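Sequences listed follow chains A and B, in order.
Going left to right, the first sequence walks through residues 1 to 486 as the working numbering numbers them.
Going left to right, the second sequence walks through residues 487 to 583 as the working numbering numbers them.
Mixed in with the good hints there might be a few duds.
Said to hold, decoys possible - Within a straight-line C-alpha distance of at most 20 Å, the following computed EDC-like cross-link-like pairs (lysine to aspartate or glutamate) qualify:
1) A:K341 x B:E495
2) A:K444 x A:E336
3) B:K491 x A:D349
4) A:K54 x A:D81
5) A:K299 x B:D525
6) A:K410 x B:D525
7) B:K502 x A:D266
8) B:K496 x A:D81
9) B:K499 x A:E271
10) A:K90 x B:D554
Calculated directly from the structure, the hints in this document are not laboratory data.
Computed from a prediction, not measured in an experiment: that's the story for all the values here.
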Amino acid sequence: MRTGISELASKLRKREISAVELTKTYIDAIEKLNPTLNAYVHLTFDTALKAAEKADQMLKEGDAPLLCGIPMALKDNICTDGLLTTCCSKILEGFKPYYDATVWEKLKAQGAVLMGKTNMDEFAMGSTSETSCYGAPLNPINTAYVTGGSSGGSAAVVCADLAVYSLGSDTGGSIRQPASFCGVIGLKPTYGAVSRYGLIAYGSSLDQIGPVTSSVKDAAIVFDAIKGGDKRDQTSVDYDYGDSLAERLDRDIKGMRIGVAEEFFDGINPEIKYKIMEAIALFEKNGAIIENIRLPALKIALPVYYIIACAEASSNLGRYDGIRYGYRASSYTSIEDMIVKTRSEGFGDEVKRRIMLGTYVLSSGYYDAYYKKACLIREEINREFDAVFEKCDALIAPTAPNTAFPLNHKVTSPVEIYLSDICTVPVNIAGIPAISIPCGKDSKGLPIGMQIIGKKFDEATVLQMAYFYEQNSGIDVGVYEGGARA
Amino acid sequence: MAVSKTEIEKLAKLAKLSFSDEELERFTAEFDAIIAFADTINQSIEGGTEQIRSIGARMVPFETLRPDEVVPSLPSDKILSNVEGYNGFFGLERSKK
Numbered sequence: 001m002r003t004g005i006s007e008l009a010s011k012l013r014k015r016e017i018s019a020v021e022l023t024k025t026y027i028d029a030i031e032k033l034n035p036t037l038n039a040y041v042h043l044t045f046d047t048a049l050k051a052a053e054k055a056d057q058m059l060k061e062g063d064a065p066l067l068c069g070i071p072m073a074l075k076d077n078i079c080t081d082g083l084l085t086t087c088c089s090k091i092l093e094g095f096k097p098y099y100d101a102t103v104w105e106k107l108k109a110q111g112a113v114l115m116g117k118t119n120m121d122e123f124a125m126g127s128t129s130e131t132s133c134y135g136a137p138l139n140p141i142n143t144a145y146v147t148g149g150s151s152g153g154s155a156a157v158v159c160a161d162l163a164v165y166s167l168g169s170d171t172g173g174s175i176r177q178p179a180s181f182c183g184v185i186g187l188k189p190t191y192g193a194v195s196r197y198g199l200i201a202y203g204s205s206l207d208q209i210g211p212v213t214s215s216v217k218d219a220a221i222v223f224d225a226i227k228g229g230d231k232r233d234q235t236s237v238d239y240d241y242g243d244s245l246a247e248r249l250d251r252d253i254k255g256m257r258i259g260v261a262e263e264f265f266d267g268i269n270p271e272i273k274y275k276i277m278e279a280i281a282l283f284e285k286n287g288a289i290i291e292n293i294r295l296p297a298l299k300i301a302l303p304v305y306y307i308i309a310c311a312e313a314s315s316n317l318g319r320y321d322g323i324r325y326g327y328r329a330s331s332y333t334s335i336e337d338m339i340v341k342t343r344s345e346g347f348g349d350e351v352k353r354r355i356m357l358g359t360y361v362l363s364s365g366y367y368d369a370y371y372k373k374a375c376l377i378r379e380e381i382n383r384e385f386d387a388v389f390e391k392c393d394a395l396i397a398p399t400a401p402n403t404a405f406p407l408n409h410k411v412t413s414p415v416e417i418y419l420s421d422i423c424t425v426p427v428n429i430a431g432i433p434a435i436s437i438p439c440g441k442d443s444k445g446l447p448i449g450m451q452i453i454g455k456k457f458d459e460a461t462v463l464q465m466a467y468f469y470e471q472n473s474g475i476d477v478g479v480y481e482g483g484a485r486a
Numbered sequence: 487m488a489v490s491k492t493e494i495e496k497l498a499k500l501a502k503l504s505f506s507d508e509e510l511e512r513f514t515a516e517f518d519a520i521i522a523f524a525d526t527i528n529q530s531i532e533g534g535t536e537q538i539r540s541i542g543a544r545m546v547p548f549e550t551l552r553p554d555e556v557v558p559s560l561p562s563d564k565i566l567s568n569v570e571g572y573n574g575f576f577g578l579e580r581s582k583k
């Protein structure tokens, strides 16, 4: 088992290791593995060493926060003052924000040490991280396979122990699905639980930042540190979670009601279904009550998600005009021509597809048939979840219908890739929290992820169930050969 | 529903994108599959679509909105620090000779 954040923090406090020494260990591991894995796209070693020196000073003065001196990583769509933030898109080439995202501001205040920005699908649009303008990150479990996406780099750096933890963003499964593919833990918090200020927008009513970690306790520690309302994000909520969630992970699951919806298992790889059923049996054996439930609207959740997310994306990405950010076309005949050429040369194919779909569903004549209808069905999905949570404490489902795809997996249509989000998007549509936790491997040795889904702002139950499973299943992220803690 | 090349060109104009002939061919074919996928929201779900149609979007009463107050914002020189060659104005290539 890897040394967790609490144990590392304890070693730093006892001066068994300094933050600078720990950071250098991570630099060595990154220099060794990142050229192959391509998990980081911008390295920040200079600022990391300075942050580590500052952390050592904070530790020396005493009363340092838990995350002080701990090396970590951020997805390349989270703004960092003065450091490259490109969303892995040519159109944001060279872009250095002039402010910090709230999540980074909070972690920086705790003395966090940022090792770099992680690879991702361009503008978080994709399920394999292969749409990155820097090329795909490779799955550390087997480098012939993708990491998943869009937070593929954030999952890979944690899997290969090139960061103790990372932050990703999840619009339709972008934290949970790569966590599942790379065999680590990924938490998508309740919509509004974590400020989105400084997160480059994709689908604003769906986007949420969350942690990727190698243990459930670490996920709780990082969530404790980043959650909270923010007046700069009017959709954030200052919800009172009570005491630290990381201190409340132990809970007797006896009598807990767990819902299992058959709609989540439609078309799922049988090996994955088997492992999830095994996990459900473990909960039942320990006293949980399993409820078979129905969520009929889930079968159309996927197109609802793509309509809403792409509609919002087509508006959010309207700002990339070649004037204020990054890339600009080199030759043009008018301002209009400059904007069109900049966007056509700067965006990749998947981003263009989603802008086009969003423009289509919002255009006159199609608005009612697609966007308005999708918004109405979204309400129906919310109502179904509300009804289910009247009688269940949480739900269990697969995280993805498949394990990691081989790299450069050929598809006949982009829709084939969209289908891999089928188990995760309902959670974003409903704005509820969910975690992905490893629950075994398939016959190819690729990790399988289990999703635990909770009520709005009930991350406590989600984390407690995941912790129970982690402690009782014998499945552990483990040490990575060549990683910093190996 | 099949989408024509003309419609794709019209959409591209709205989205401020352009496609070469070869890209247009490919995009039109891909877009057909994507629209067919989006059309699946029109399939019936248990409980019936009538029930869905009856759900109104939640309206937020005007009185519950926060007051519209001017608050300090980021300084404009910082906001525009990524604009190449910004000197109080945006410099672009001359387009009319």
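Now for the hints, and whether the structure bears them out:
Distance restraint check for K341 of chain A and E495 of chain B: the Cα-Cα separation of roughly 15 Å lies within the 20 Å cut-off, and the hinted pair is therefore satisfied. Between the alpha carbons of K444 of chain A and E336 of chain A the distance comes to roughly 51 Å, so the proposed pair goes past 20 Å and is violated. The straight-line distance between the Cα atoms of K491 of chain B and D349 of chain A is roughly 17 Å, inside the 20 Å bound, and the hint therefore holds. For the given pair, K54 of chain A sits about 18 Å from D81 of chain A by alpha-carbon distance, which is consistent with the 20 Å threshold.
For the hint linking K299 of chain A to D525 of chain B, the alpha-carbon distance of about 13 Å falls within 20 Å, and the restraint holds. Only pairs whose Cα atoms come within 20 Å are accepted, and K410 of chain A paired with D525 of chain B is rejected, the gap being roughly 24 Å. Restraint check: the Cα-Cα separation between K502 of chain B and D266 of chain A comes to about 39 Å, which exceeds 20 Å; the hinted pair is violated. For the suggested pair K496 of chain B and D81 of chain A, the alpha carbons sit about 39 Å apart, so the restraint of at most 20 Å is broken.
Taking the CA atoms of K499 of chain B and E271 of chain A, the gap is about 46 Å. The hint is violated against a cut of 20 Å. Straight-line distance between C-alpha atoms of K90 of chain A and D554 of chain B comes to about 37 Å, which puts the hinted pair past the 20 Å bound.
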